[in-house]
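Asks: If you're matching them up, the sequences are chains L and G in order. Note that the first sequence covers residues 1 to 165 in the numbering used here. Note that the second sequence covers residues 166 to 269 in the numbering used here.
Calculated directly from the structure, the hints in this document are not laboratory data. Quick caveat, the model's predicted, so the values are computed rather than measured. It is possible that some hints are incorrect.
The following label-pair restraints were derived from C-beta to C-beta distances [as the list claims (entries may be wrong)]:
(1) G:S260 / L:A141: 38 to 46 Å
(2) G:G255 / L:S99: 23 to 31 Å
(3) L:S93 / G:D247: 38 to 46 Å
(4) L:E116 / G:L263: 41 to 49 Å
(5) G:S178 / L:R92: 39 to 47 Å
(6) L:G28 / G:S178: 30 to 38 Å
We put the beta carbon where it would ideally sit given N, CA and C, even for glycine.
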Amino acid sequence: MAADWRRAFFLQARSDFDVAQRLMAMDGIAACHPLHYLQMAAEKLAKGFACRHEPLAHTHRAFTRFVQSAHLVPGMREACGTSSLQFRAYLRSIAGVASELEALAPALAGDGPNAEYPWEAAGVVTAPVEHSFARINPYSAGPVVVKLLPFIEAAVRVAEQQAAG
Amino acid sequence: MVTATPSIAEAASRLVRYHQEADPDLQRIYLFPADDQVRLVEVAGTVLPTHDGEATAFYFGSVPAHGIPIGFGIAMIRPEEDQKVRPPDGWGDWSDALLIWQRS
């Protein structure tokens, strides 16, 4: 049963990731939409790796925790194409942006920006499509595109290999 | 209490060597014995605090290229949580844990 859940989480993570990439390649799409799919891909990826027999009820901040553990997984570094010395520094460099991406889930965002629903802050109601998402904007050459995207893609590949094996 | 079988112990030993090299901030590693996989709780001050008092584990399949012939689970906790938070679901309790590595 665990293998079924893992395979399903990884399959959905791949699909979410692919949709995010397609949205990023299109003109005129608000930043919230690819970010929404990236956040979901990251969440499902981490939840899949956290499956033992069935999905865990408690997977608070699972993706950030996964990033913090990834250097301990033989094969992950190779999938990311970095040297042993560089890999941990690379993971540390994406930890903040991984946490920001994960916090876009409405359940974690609180009164802050999320990628799905309007929020109110200081008396101003904002829709996700109006927000720039500054540092994690997927249309800038910022850390999401340069560093986090390759990590998620590599982790999805590792997940797929494990699900197939 | 389940004791570590030779194959589990050998795979655990290889993972510990890998982890020592990969993470200079690791302070100690516990093995929670099981029949079918290596289960490690690793202590480092660089990770998020545990949520709801239970460590979260991530599970991975065998990695033959690295000499790991069986699957393994890794949970990371902070030093102040050592032997205080609950181990991951199904791993038993701290009386089952074997301290298999500690930074000197």
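Asks: Could you run down the list of hints and mark each one as holding or not?
Replies: Hint-by-hint comparison with the structure:
At about 52 Å, the CB distance of S260 of chain G to A141 of chain L disagrees with the hint of 38 to 46 Å. Here the CB-CB span from G255 of chain G to S99 of chain L is close to 27 Å, well matched to the stated 23 to 31 Å. A hinted range of 38 to 46 Å is violated for the C-beta pair S93 of chain L and D247 of chain G, which are about 27 Å apart. Against the hinted window of 41 to 49 Å, the Cβ-Cβ separation of E116 of chain L and L263 of chain G comes to about 45 Å, which satisfies the hint.
In this structure, S178 of chain G and R92 of chain L break the distance hint of 39 to 47 Å, their C-beta atoms being roughly 27 Å apart. Between G28 of chain L and S178 of chain G, the C-beta spacing of about 55 Å breaks the proposed range 30 to 38 Å.
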